[in-house]
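Take the sequences, apply the hints, and build the full model.
Read top to bottom, the protein sequences are chains A and B. In terms of the working numbering, the first sequence opens at residue 1 and continues consecutively. In terms of the working numbering, the second sequence opens at residue 1 and continues consecutively.
The set of hints was computed from the structure by calculation and includes no laboratory data. Keep in mind that a hint or two might mislead.
As the list claims (entries may be wrong) - Pairs of lysine to any residue residues, derived as SDA-like cross-links and limited to a Cα-Cα distance of at most 25 Å, are as follows: (1) A:LYS88 to B:HIS750; (2) A:LYS25 to B:LEU841; (3) A:LYS25 to B:LYS826; (4) B:LYS814 to A:SER92; (5) A:LYS88 to B:SER745; (6) B:LYS814 to A:GLU91; (7) A:LYS88 to B:GLN822; (8) B:LYS814 to A:PHE30; (9) A:LYS28 to B:THR810; (10) A:LYS96 to B:TYR744; (11) A:LYS35 to B:LYS814; (12) B:LYS814 to A:MET42; (13) A:LYS25 to B:SER745; (14) A:LYS28 to B:HIS750; (15) A:LYS88 to B:GLU784; (16) A:LYS96 to B:HIS750; (17) A:LYS25 to B:ARG821; (18) B:LYS814 to A:TYR32; (19) A:LYS35 to B:PHE820; (20) A:LYS35 to A:ILE79; (21) A:LYS25 to B:THR810; (22) A:LYS88 to B:SER787; (23) B:LYS366 to B:ALA724.
Here is how the chains run, residue by residue.
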Amino acid sequence: MKIVAVTACPTGIAHTYMAAARLEKVAKNFGYEIKVETQGAMGIENKLTENDIRQAQFAIFAVDIEVEGKERFHGVKVIQVPLQEALKNPESIFAKLQR
Amino acid sequence: MTQKSRTSQFVFSCPLSSGLHARPASHLAEVANQFSSDCTLTNLRNGLVANGKSVLGIIASDIRHNDRCAVQVSGPDESAAHAALRRFVEDALPQCDVPLAGIAESSRSTVPPKQLRAGNVTCISGTPVSGGIGYGKVVILQKMTLPGNLGTQAGTDSQREVERIKEAVTAVRHRISEKLKYSLTPTGAAVLQADLAMASDALLVQKLKEQVLGGKSAAQAVVETGEFFIDLLGHSENEYIRQRSADIEEICLQLLEQVCGTSPAAAVVELREPSVVVAEALAPQQLLELDRHWLKGLVLEHSAATSHAAILARSLGIPTLAGVQKARLALTPGSEVVVDANRGLVVPQFSPAARRFYQREQQTLKRRKDGWSRHADQSAMTLDGTRVEVAANASSGEELILALENGADGIGLFRTEMMYLGRDRAPSEQEQFAIYSEAVRAAADRPLIIRTFDIGGDKNVPYLNLPREDNPFLGYRGARIYADHRELLQAQLRAILRVSTEGCVQIMAPMISSLEEVVQFKAEVEQAKQHLAQNGIAFRPDIKIGIMVEVPSLAFFLDELSPQVDFFSIGTNDLVQYFFAADRSNPRIASRFPARHPAFLRFLEQLVQDIHRAGKWVGMCGEMAGDLRNLPLLLGLGLDEISVPAAEVHEFKRSLARLRTSDCVSLLDRALACKDTSEVDNLLATHQPLHREPLLTEELVLLGSTSQSKEEVIQEMVDALYIASRTDDRSLLEEALWSREADYSTGLGHGFATPHCKTDAVNADSICVLRLKEPVNWDSVNGESVSMVVLLALRNSEFANTTHMQVFSTLARKLMNEEFRQHLLKITTANQVTTYLAEQLGIPLGANGDSSTAEQPASPFSP
Numbered sequence: 001m002k003i004v005a006v007t008a009c010p011t012g013i014a015h016t017y018m019a020a021a022r023l024e025k026v027a028k029n030f031g032y033e034i035k036v037e038t039q040g041a042m043g044i045e046n047k048l049t050e051n052d053i054r055q056a057q058f059a060i061f062a063v064d065i066e067v068e069g070k071e072r073f074h075g076v077k078v079i080q081v082p083l084q085e086a087l088k089n090p091e092s093i094f095a096k097l098q099r
Numbered sequence: 001m002t003q004k005s006r007t008s009q010f011v012f013s014c015p016l017s018s019g020l021h022a023r024p025a026s027h028l029a030e031v032a033n034q035f036s037s038d039c040t041l042t043n044l045r046n047g048l049v050a051n052g053k054s055v056l057g058i059i060a061s062d063i064r065h066n067d068r069c070a071v072q073v074s075g076p077d078e079s080a081a082h083a084a085l086r087r088f089v090e091d092a093l094p095q096c097d098v099p100l101a102g103i104a105e106s107s108r109s110t111v112p113p114k115q116l117r118a119g120n121v122t123c124i125s126g127t128p129v130s131g132g133i134g135y136g137k138v139v140i141l142q143k144m145t146l147p148g149n150l151g152t153q154a155g156t157d158s159q160r161e162v163e164r165i166k167e168a169v170t171a172v173r174h175r176i177s178e179k180l181k182y183s184l185t186p187t188g189a190a191v192l193q194a195d196l197a198m199a200s201d202a203l204l205v206q207k208l209k210e211q212v213l214g215g216k217s218a219a220q221a222v223v224e225t226g227e228f229f230i231d232l233l234g235h236s237e238n239e240y241i242r243q244r245s246a247d248i249e250e251i252c253l254q255l256l257e258q259v260c261g262t263s264p265a266a267a268v269v270e271l272r273e274p275s276v277v278v279a280e281a282l283a284p285q286q287l288l289e290l291d292r293h294w295l296k297g298l299v300l301e302h303s304a305a306t307s308h309a310a311i312l313a314r315s316l317g318i319p320t321l322a323g324v325q326k327a328r329l330a331l332t333p334g335s336e337v338v339v340d341a342n343r344g345l346v347v348p349q350f351s352p353a354a355r356r357f358y359q360r361e362q363q364t365l366k367r368r369k370d371g372w373s374r375h376a377d378q379s380a381m382t383l384d385g386t387r388v389e390v391a392a393n394a395s396s397g398e399e400l401i402l403a404l405e406n407g408a409d410g411i412g413l414f415r416t417e418m419m420y421l422g423r424d425r426a427p428s429e430q431e432q433f434a435i436y437s438e439a440v441r442a443a444a445d446r447p448l449i450i451r452t453f454d455i456g457g458d459k460n461v462p463y464l465n466l467p468r469e470d471n472p473f474l475g476y477r478g479a480r481i482y483a484d485h486r487e488l489l490q491a492q493l494r495a496i497l498r499v500s501t502e503g504c505v506q507i508m509a510p511m512i513s514s515l516e517e518v519v520q521f522k523a524e525v526e527q528a529k530q531h532l533a534q535n536g537i538a539f540r541p542d543i544k545i546g547i548m549v550e551v552p553s554l555a556f557f558l559d560e561l562s563p564q565v566d567f568f569s570i571g572t573n574d575l576v577q578y579f580f581a582a583d584r585s586n587p588r589i590a591s592r593f594p595a596r597h598p599a600f601l602r603f604l605e606q607l608v609q610d611i612h613r614a615g616k617w618v619g620m621c622g623e624m625a626g627d628l629r630n631l632p633l634l635l636g637l638g639l640d641e642i643s644v645p646a647a648e649v650h651e652f653k654r655s656l657a658r659l660r661t662s663d664c665v666s667l668l669d670r671a672l673a674c675k676d677t678s679e680v681d682n683l684l685a686t687h688q689p690l691h692r693e694p695l696l697t698e699e700l701v702l703l704g705s706t707s708q709s710k711e712e713v714i715q716e717m718v719d720a721l722y723i724a725s726r727t728d729d730r731s732l733l734e735e736a737l738w739s740r741e742a743d744y745s746t747g748l749g750h751g752f753a754t755p756h757c758k759t760d761a762v763n764a765d766s767i768c769v770l771r772l773k774e775p776v777n778w779d780s781v782n783g784e785s786v787s788m789v790v791l792l793a794l795r796n797s798e799f800a801n802t803t804h805m806q807v808f809s810t811l812a813r814k815l816m817n818e819e820f821r822q823h824l825l826k827i828t829t830a831n832q833v834t835t836y837l838a839e840q841l842g843i844p845l846g847a848n849g850d851s852s853t854a855e856q857p858a859s860p861f862s863p
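Here it is, written out as structure tokens:
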């Protein structure tokens, strides 16, 4: 399964990246292919392309602020959680996908 | 109206932002009192009319900023009085607002630190007016009130009572003058000077006489007159004027004491142990009577950052809070309290939590200071090994000591004119000897450049009889008046020479504009030496003599001047205004001709080169040297010394150590080629020495912390950044970190927490690492406790350093890695932490965080 994700938090210097790292790691454990875009203090990094999004079955928004370029995800099933969920209990997010 | 007596009038608007308060009012009254003509002042806003010869009358007319006032003069010398008053109002009055040393009103928030709040420590807040922390037992001074029930001593012989009033006024004036004589600080002198003016105020004396002639006893007259003025001033809408009622009360009490022969208020309190004095308000003389040895702090109810007592407390270095409401009720006499005048708090109960906090606080303050003195012990050197003396300017013993504590390599400019101001006669040789001697002892072997008095028509020194001038800055001042005041100069030179054996004292002459003046000045020094030699008094025969470069003409006469002097010191304030013919006190033009103008930079570059070619030493004092932004330019110029504000010496030393002379030289070259100041400013803005500060140093690694709560941990880390001078505003930094914690805890599981913020409160992007001996609760996501804390602080700046942000994001990602975390938990020394992180994050060890990237060139100066 291919998944895309966006992480973003208000300060954008720590948790955005921690959540990204966490999601990448846990996705791997579940055997999923994931690409995480970070929207932090340095702007958008590891930007999701149109192609990435089209191929993905799910999009995870682990965010505490509005996602930039939300319209890109039109037609994809989006699961939005508070960012701390990705830090606290990322497994549950992926478990949701399986249901 | 007789032919002789004429009346004329002019109107002005008050240029002073705090209104026509006591000090300018006393100057105005002084001018008016020089003439026999009557002078009436009418505040056109409120219609209040005042006798222009009365300080109290002027103050009571409540003249505020931009109020329009009519000055009416009538009498035999009307035209001279009119001209003098007009000149005063136009030229001198706008200068009267120069605040006395250190009245900067603090706008800090007085929210107690989170740790104290968490420990349920009660705090009372106030406005800090003089920094520091003081511990002691509460001593409450009750408000001084004029005794109302004085008994009606029959005032039968009104003529005798008038005499008693006169004698009392004379005695009180004498008493204040005596204190003035021993006042070693210019601030203290200015305050006493205002008291003196008030004690001899025309309106006060007139009221007293009226009362006595109306049948009152002298004592009654004083009480009623006092009440009249206290009421008058106390009802002013102006806070500043309301505060003056404490001054008048003090003076009336002294008068009463004279009249009755005893002290009716008995307000003098003897301190016998470390004490914190609590009062509603304090008159300056009351403060001076307290034993400074035991006086550890002051808490005032009045919100009076500008009260004379507050100013004085500041100059004496006594931690002081003002505006502490109901302090006398809230604080129990004899109880142990802390006055935290850095944060604006009084802690009324020294509970174990408060004790723990302040024990740590004391260590923090000490370590921060020690950190500075480490710089202090080192001479300032650039990255490529150029040594530059970082000296300080000082006008008083206190300032000098502050400068040395902050690591000054010497005193590049010790101003002496303050000693001559606000008194009836010049300071004696002995008096000066005492002051210089204290200064030399404090300076030890460091150079102390004493500048002989720089006085001109802009300063009010009655015993010099200096004529008022239309243009005093181009007039009769500085070394130009020495020929007419030789005795004064001789006394000062002798005093300086006498202390020269005790250290590295040098003499500097101000406002030199020609070779003749230098030759004359040196002859004066010779004469003073001879006088001492004849009397068998020791001095240093080879004492160095230098001159200020304030007049551009000197630049074209260096070949002749250089052989005559040992050193030059560039005084930029005057040099800039003479160079551009732009009055620096005129805001409409001064800002257009700043010292950073390329034309002035070119002039300086030539000047410094020529002086060096002549083999002489050259330093710089004045505002240009005191602006940290200019430092790269000054290094580029190749000055031997810069003399900067006492409080900022350590900042200059730290910044200097981050600069490279070769870079500065090429920066200056580019600045010299600029077309205007804004181009120079842009050039300087691209230069961000702070970004060269490493993100992490061993100083910021705290292993084995014994903090017991999340609040203490954050406080400890904020303190570590404060000790390392990476923040100067701990409460702002703490607030930023806690506001982030308020969103949700930064404890992210695995026993790690990452508090972070983006804030103006840090001077440099920083990582701080802390490992706890015993885990603490972090309100964590999983309720689990935390034993490792990694704090990230990013500077909020338009020149945000993307490399540092990159490092932060890498670190954040790494913290999700089990192996990385385990390593950090096991590591044993601070050095291992910095080495490991440098390697893992790809940052050069102990070097610049940004030098390895393409976005920020290794040297911002290289084209």
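Status of the hints after comparison with the structure:
no.: 1; hint: A:LYS88 to B:HIS750; verdict: 10 Å, holds
no.: 2; hint: A:LYS25 to B:LEU841; verdict: 19 Å, holds
no.: 3; hint: A:LYS25 to B:LYS826; verdict: 23 Å, holds
no.: 4; hint: B:LYS814 to A:SER92; verdict: 22 Å, holds
no.: 5; hint: A:LYS88 to B:SER745; verdict: 11 Å, holds
no.: 6; hint: B:LYS814 to A:GLU91; verdict: 19 Å, holds
no.: 7; hint: A:LYS88 to B:GLN822; verdict: 19 Å, holds
no.: 8; hint: B:LYS814 to A:PHE30; verdict: 20 Å, holds
no.: 9; hint: A:LYS28 to B:THR810; verdict: 19 Å, holds
no.: 10; hint: A:LYS96 to B:TYR744; verdict: 23 Å, holds
no.: 11; hint: A:LYS35 to B:LYS814; verdict: 17 Å, holds
no.: 12; hint: B:LYS814 to A:MET42; verdict: 18 Å, holds
no.: 13; hint: A:LYS25 to B:SER745; verdict: 22 Å, holds
no.: 14; hint: A:LYS28 to B:HIS750; verdict: 20 Å, holds
no.: 15; hint: A:LYS88 to B:GLU784; verdict: 11 Å, holds
no.: 16; hint: A:LYS96 to B:HIS750; verdict: 24 Å, holds
no.: 17; hint: A:LYS25 to B:ARG821; verdict: 15 Å, holds
no.: 18; hint: B:LYS814 to A:TYR32; verdict: 21 Å, holds
no.: 19; hint: A:LYS35 to B:PHE820; verdict: 23 Å, holds
no.: 20; hint: A:LYS35 to A:ILE79; verdict: 15 Å, holds
no.: 21; hint: A:LYS25 to B:THR810; verdict: 15 Å, holds
no.: 22; hint: A:LYS88 to B:SER787; verdict: 17 Å, holds
no.: 23; hint: B:LYS366 to B:ALA724; verdict: 12 Å, holds
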